[in-house]
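Generate coordinates for the entire structure from the input sequences, incorporating the hints supplied.
Start counting the sequence shown at 1; every next residue gets the next number (full-length UniProt numbering).
It is worth saying that the hints were derived from the structure and are not from the lab.
Among the hints, a few may not be true.
[What the hints assert, rightly or not] Distance ranges between label pairs, derived from CB positions:
#, residue 1, residue 2, range
1, 116, 84, 18 to 26 Å
2, 68, 19, 42 to 50 Å
3, 113, 49, 55 to 63 Å
4, 116, 79, 28 to 36 Å
5, 49, 8, 15 to 23 Å
6, 108, 73, 34 to 42 Å
7, 23, 116, 24 to 32 Å
8, 55, 77, 15 to 23 Å
9, 117, 1, 51 to 59 Å
Source: prediction; values computed, not measured.
For every residue, glycine included, the Cβ atom is placed at its ideal position computed from N, Cα and C.
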Amino acid sequence: MNRDQRVLFAVLALFILAALWIFRPTVNAENVSVHAVASAPIDSTVCIAPTEYMRNSHMQVLDNWRRTGARDSHPYVTPDGRKFQKSLDTCLGCHGTNRYFCISCHMYADAKPNCWNCHQSPLEKP
Numbered sequence: 001m002n003r004d005q006r007v008l009f010a011v012l013a014l015f016i017l018a019a020l021w022i023f024r025p026t027v028n029a030e031n032v033s034v035h036a037v038a039s040a041p042i043d044s045t046v047c048i049a050p051t052e053y054m055r056n057s058h059m060q061v062l063d064n065w066r067r068t069g070a071r072d073s074h075p076y077v078t079p080d081g082r083k084f085q086k087s088l089d090t091c092l093g094c095h096g097t098n099r100y101f102c103i104s105c106h107m108y109a110d111a112k113p114n115c116w117n118c119h120q121s122p123l124e125k126p
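Okay, structure coming up:
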């Protein structure tokens, strides 16, 4: 190979690497298989739903609660009849005991929830 061919090959290789870097798969909540260590409350039977459901769907639950909780005073009723106030404070009542419960998983999954735009983060509380 002459010098021009080597330069062309190097430029082409760098272009391919850059394209692969741009289109690389990113880690998000849907494809995280190993969950970050975040301690749940000791008695997890008081949660509104089973652990696996909450790992996958907690944002949908919180979004629904945000939309409907402010507009109606009806509590969230679980399939087994337990009632919960539709509020992030309901979740933080148990999970807020570990200041890093939310942030550790969100950092691991590279998620950027907007909960703390309105609510005080457990990390900000004394």
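Tested hints:
no.	hint	verdict
1	116 <-> 84: 18 to 26 Å	21 Å, holds
2	68 <-> 19: 42 to 50 Å	44 Å, holds
3	113 <-> 49: 55 to 63 Å	18 Å, violated
4	116 <-> 79: 28 to 36 Å	30 Å, holds
5	49 <-> 8: 15 to 23 Å	58 Å, violated
6	108 <-> 73: 34 to 42 Å	36 Å, holds
7	23 <-> 116: 24 to 32 Å	31 Å, holds
8	55 <-> 77: 15 to 23 Å	22 Å, holds
9	117 <-> 1: 51 to 59 Å	57 Å, holds
In this structure, the earlier hints numbered 3 and 5 are contradicted, and the remaining ones agree with it.
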